[in-house]
Each structure stands twice: as structure tokens, then as C-alpha cells.
Amino acid sequence: MARRVLKTAVILNILLVVIILALRLLPNNDISIRTLLLPPDGCAAPCFMNIRAGVTDMVEASAIVKTHTWSKSLPFLLKPINDMSTRFILWQWSGKQSPLVDTRRQGQIRFNGNQAVGVIVQTTIPLGAVWLALGATDKGRLALSELRPSSDVTLTAVYPAASLLVRVTIPAHSSQSALWLSRVEMESSNPQAVASLGGYALPSFAKLQGHS
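443 is the number of the first residue of the sequence shown in the working numbering; add one for each residue after it.
FYI, nobody ran anything at the bench for these hints, they're computed from the structure.
Do not take every clue at face value.
Using 30 Å as the maximum straight-line C-alpha spacing, the simulated DSS-like pairs for lysine-lysine come out as follows [said to hold, decoys possible]: (1) LYS538 to LYS521; (2) LYS514 to LYS538; (3) LYS538 to LYS508; (4) LYS508 to LYS521.
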């Protein structure tokens, strides 16, 4: 029995090393990842494209997106029919944005009433590459997916100093390698959401333990 446990542990450690090496061989680099995910100099967190969740209002955000070099289209306002207090501003990418942005998905700003509460961007960055670039965090939460709760789970990792949420949604029984190679959605989020989600601890399988 002990030999079987030891063999399993060795295999898992080797698998983690292989995952990390694979991530290091990907074209993403730490500087580019940090530049996209972290607030720029001169704009206190939370800040993305000069939009500050918890501070910027809808008129200001719309004007910023309209003139930003990363935006190709005029901002589009979306009003969910099942939530009267939530609004979204969406836009298409211009091609001048970071190459780590997934341009197949629109950028979006979520509003509660008139105030921006989060800027959400789908990226091409694997979760493991975020871990290696920003360092490990033990703050976050694992929950059922809002869109497919019967089959998928969403892992949200929290970086409080940057007011940053990093999410991946994967099938519930995915391998650890699938988790770390999944591409993340980033959210430059408001302090209240960061504090709430940051009050949870990530499960042990969602940590590159000993390799951060």
C-alpha cells in the first residue's frame, strides 16, 4: 500500500514538472502577462484601460472605450432582461491591443447601476502561466459554473493587491494538467468583490505547490 502511494506521489510530481516545463515553452512571457493583467503606472488598482471598477461611471467608461486605441467599435450597451440593476458595455478589439487578448471575445465592462464594477477580458494565457508570472495565491474559490452547473466548475483566483480576479471554467472531473493549461478570463474588479472572493481559500489541487 505504501509503495502504491509513493508511486502515485512520484507520478504526480513528475506530471507537475512536465506541466511547468510545457508552460515555460509557450510563447507567452512574464513581462507581457504582467503588463496585461496588472494596473499600469499612474493608475491605482483596480485599473484596466484607464477604467477603475468601483470609481468610473457609465458615461466616463463609454467615453474611454470610444476613444481607446484598443477598441475598434463604438461601445454597445447590453441590458440583461433578468437583472434590471446590471448593465454591460461591450466592444470589439482593434488589433492594437495586447497579443494575449483573445479577440474572438468582446471586451466588457459590468455595471451595477451607473457604476463600473468590473472590466472583463478573455485572454489566451494559461492559468499556470499566470501563476508563474504573478506568483502563487492561496485566495480564491471553486464553484459550480453559472452557465453549466451540472457539468462544469469555475475556479476564481484572487490577487488582492492588483484587484484582479483570474477565472477558468472546466469540466468538473478535469485533470490537473487540463486545469493549468486552461486559458483564463481576467477581471479588473471592484474592492468589495475582491475582498469577498479573497476571503476563501483555494483547494489544494489548484496550487502549483512547491513550484511557485
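Hints and how they fare:
For a cut-off of 30 Å, the pair hint linking LYS538 to LYS521 stands: about 28 Å separates their Cα positions. Note on LYS514 and LYS538: the hinted pairing holds, with a Cα-Cα distance of about 9 Å set against a maximum of 30 Å. The suggested pairing of LYS538 with LYS508 holds, with an alpha-carbon distance near 14 Å, which does not exceed 30 Å. The suggested pairing of LYS508 with LYS521 holds, with an alpha-carbon distance near 19 Å, which does not exceed 30 Å.
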